[in-house]
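Q: One letter stands for each residue in the lines below.
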Amino acid sequence: MAQVRYVSASRVYGKNAPPAVDALDLEIRDGEFMVLVGPSGSGKTTALRMLAGLEPLDAGRVEIGERDVTFVPPKDRDIAMVFQNYALYPQKTVAQNMGFALKMQGVPKDERDRRVREAARLLDLDDQMLDRKPRQLSGGQRQRVAMGRAIVREPRVFLMDEPLSNLDAKLRVQTRSQIAELQRRLGITTVYVTHDQVEAMTMGHRVAVLARGKLQQCATPRELYDNPVNQFVAGFIGSPAMNLQTVPLTDGGARLAGTVLPLPAAVRTAASQAGLGELVAGIRPEHLHLANGSGELAGEVLLVEDLGADALLHVRLAGDADPVVARTEGRTPPAPGQQVTFHVQPDDIFAFHPVTGARLAG
Amino acid sequence: MTVIEDLAPPPKVEVRPRGVSRRERWQRRLPLLPALIYTIVVTQIPFLVTLYYSFQSYFWNTTAPAHFNGVSNYKTVFTTPAFRSALWRSVVMTAAAVIIAMILGVALAVLLDRKFFGRGVVRTLLITPFLIMPAAAALVWAGPMLDPNFGLLNYLLAPFGVHHVAWLSTHALGSVIVVMIWQWTPFMTLIVLAGLQSQPPDVLEAAKVDGAGAFATFRELTLPHLRPYIELGILLGSIYLVNVFDQVRLMTNGGPGTATTNLPFYLYQQVNYAFDIGGAAATGVVTVILTIIVATFALRMFARVFRFEEAV
Ligand SMILES: Nc1ncnc2c1ncn2[C@@H]1O[C@H](COP(=O)(O)OP(=O)(O)OP(=O)(O)O)[C@@H](O)[C@H]1O
Ligand SMILES: [Mg+2]
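So the sequence lines, in the order shown, correspond to chains G and S.
Just so you know, the numbering used here puts 183 at position 38 of the first sequence, and the rest follows in order with no gaps.
Just so you know, the numbering used here puts 110 at position 98 of the second sequence, and the rest follows in order with no gaps.
Derived from the structure by calculation, the hints contain no laboratory data.
One or more of the hints may lead you astray.
20 Å max Cα-Cα, derived DMTMM-like pairs, lysine to aspartate or glutamate [claimed, not checked]:
| no. | chain 1 | residue 1 | chain 2 | residue 2 |
| --- | --- | --- | --- | --- |
| 1 | G | Lys248 | G | Asp223 |
| 2 | S | Lys220 | G | Asp272 |
| 3 | S | Lys220 | G | Asp170 |
| 4 | S | Lys220 | G | Glu208 |
| 5 | G | Lys248 | S | Asp258 |
| 6 | G | Lys254 | S | Glu243 |
| 7 | S | Lys220 | G | Asp223 |
| 8 | G | Lys237 | G | Asp272 |
| 9 | G | Lys359 | G | Asp223 |
| 10 | G | Lys237 | S | Glu217 |
| 11 | G | Lys248 | S | Glu232 |
| 12 | S | Lys220 | G | Glu200 |
| 13 | S | Lys220 | G | Asp213 |
| 14 | G | Lys237 | S | Asp214 |
| 15 | G | Lys278 | S | Glu232 |
| 16 | G | Lys278 | S | Asp214 |
| 17 | S | Lys127 | G | Glu200 |
These figures come from a predicted structure and were not determined experimentally.
All chains should be modelled from the sequences, with the hints used to inform the complete structure.
A: Put into structure tokens, the structure is as follows:
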């Protein structure tokens, strides 16, 4: 068990390519479940591989348990990795796959069998499956074997690269909670990569959001949701995504859909200090409350997506603003074409710098 | 209950393999017929003729007409020590050449599988021996390479106190085998290289993370992965090398004595020195049967490699 630290770690693939991971500073506590999340190509896999020792660093260093491992080969880092395509050994049986690392450590056969069996039980892999080859398993079973191969070792750090991306939606939800539960029970420091923000929010103790190789914010899921540091994080975290509109500033607020949205004093001061004439206002779909004609934002419903428990309304607000999405209770949604109004709490409005995307005070 | 009774019985769907009428089948095959006839003419008819002569007593150097003599040619084949020693020599030559070529091939393939400056050039150079005609290779080796007085090998070995060795007289079998190895190592390298490159890289990375060193990874993962490729290379090489003739004829002429007389050369001798058409035909038939046995294994192996590819 160990803590993990990235210190200004960078990786540049091509001579003229922008860094895939750009001066990453990240500290992962002992026993923590850290999720790296970001859009495709943001450098999540690269960051993970740097920690595994499969990708050299071009600058900075990585530490595992206070020890600088930047130049330590993967086999001496005492880590276990679950690959996106599982990378099981095709010629070996499930049991041999799971016991391979122990064999390499010179653990005697009896001990190896015992630990493989134990891990198999933990993962609900029955005994007859242990003698099969990976190609005789279903996708979900392979996923569990890959997990098993990692946990048999009792390594200091688990690394997982989108281990659920090849599973169907239902199995993914189920396995998601199993992995989180398993990690809690074993208490092993885990770095988990995903592009799925729901996975990130539900599994991670803390979540690190990456974009274009740069760390945007690292915080608890709640903190990311309540206090995104910039427009990117605000737009990335939360589903459906936050509504973001560039709005002109007026006295006391921002002008949107023909009305003036009141902004907190702190935001107004920050905006005027920066000399801004406009800013990007962000409102989450769940913070647009339907208000029978008495709300301040008026608009016309374009489309209703009924999800059962609730419904998503795509609404064109008065004026020429882009459509916004609102989440409402599912039973009695308005019909398309209907005029609706919304009420918004001033506290629920996020404000961002229109150029840099940084959060304005608040 | 009524509900169930009300339901109409499901319509019966007749499931029958989509049949093709006899006529249609023949129409489909018709365009293949010329090729089939040609194949029969050039392969099966000579074989039948050979089979026919193998039961005849027929000598080119006498005026006596050919006449049926039962299985006596076959009896001779199986009782002459010359045939057995030629067979044995074929086995030794083939086995030694194929196995050593494969070991070298694996080693070279592993070296070629990594990136280094000038890899393309090195790869091409390594492959060239395979592209040279066996007869040309034999002449190059017999002359410039192994000549007792002017040979390159003796020149290179001179600093180590080796002088004027007549390789083709003193180490005839070894010399022929070396040339066979030299020609076939590139083939083995190519097959093994294809195998190496079909190994998924993430499996190798998983092995690294699991704590396996380079040697353990090779033994535990790469070698099992290469197994069908190695088997294929060995079998294809064997089929081809069992028939080696050019090198033997041009380098040693089967000698000294019978030191390098393998089956094909023995056959050749029967026809060209003993004029024994019947005996040669019987030897040929036996050789073909033995080769077919080996080839059957090879084809099975082929099937296995491809099934294996599909499964991965
Ligand atoms: N081997 C490589 N050679 C060159 N460029 C690479 C290589 N691997 C990744 N990159 C580049 O580095 C950047 C980050 O890639 P990375 O695989 O880390 O993204 P990711 O966040 O894991 O994306 P995804 O969610 O699609 O897996 C991308 O722009 C990618 O094109
Ligand atoms: Mg990735």
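Q: All hints, please: hold or fail.
A: Evaluation of the provided hints:
Between lysine 248/G and aspartate 223/G the CA atoms are separated by roughly 14 Å; this keeps the pair inside 20 Å, and the hint holds. For a cut-off of 20 Å, the pair hint linking lysine 220/S to aspartate 272/G is broken: about 27 Å separates their Cα positions. For the hint linking lysine 220/S to aspartate 170/G, the alpha-carbon distance of about 26 Å lies beyond 20 Å, and the restraint is violated. A threshold of 20 Å between alpha carbons decides the hint, and for lysine 220/S with glutamate 208/G the separation of about 19 Å falls inside it, so the pair holds.
Distance restraint check for lysine 248/G and aspartate 258/S: the Cα-Cα separation of roughly 50 Å exceeds the 20 Å cut-off, and the hinted pair is therefore not satisfied. The straight-line distance between the Cα atoms of lysine 254/G and glutamate 243/S is roughly 30 Å, outside the 20 Å bound, and the hint therefore fails. For a cut-off of 20 Å, the pair hint linking lysine 220/S to aspartate 223/G stands: about 11 Å separates their Cα positions. Taking the CA atoms of lysine 237/G and aspartate 272/G, the gap is near 16 Å; set against the 20 Å cutoff, the hint holds.
Only pairs whose Cα atoms come within 20 Å are accepted, and lysine 359/G paired with aspartate 223/G is rejected, the gap being roughly 27 Å. Distance check on the hinted pair: lysine 237/G and glutamate 217/S sit about 16 Å apart at the alpha-carbon level, within 20 Å; holds. Of the supplied pair hints, the one linking lysine 248/G and glutamate 232/S holds, its CA atoms being roughly 11 Å apart against a limit of 20 Å. Note on lysine 220/S and glutamate 200/G: the hinted pairing holds, with a Cα-Cα distance of about 12 Å set against a maximum of 20 Å.
With a C-alpha separation of about 19 Å, the suggested pair lysine 220/S and aspartate 213/G falls inside the 20 Å cut-off, and the hint holds. Between lysine 237/G and aspartate 214/S the CA atoms are separated by roughly 15 Å; this keeps the pair inside 20 Å, and the hint holds. Restraint check: the Cα-Cα separation between lysine 278/G and glutamate 232/S comes to about 15 Å, which is no more than 20 Å; the hinted pair holds. At most 20 Å may separate the alpha-carbon atoms for a hinted pair to count; lysine 278/G and aspartate 214/S meet this at roughly 17 Å.
A distance of roughly 16 Å separates the Cα atoms of lysine 127/S and glutamate 200/G; the hinted pair therefore holds under the 20 Å criterion.
Taken one by one, the earlier hints fail for this structure at numbers 2, 3, 5, 6, 9, listed in ascending order.
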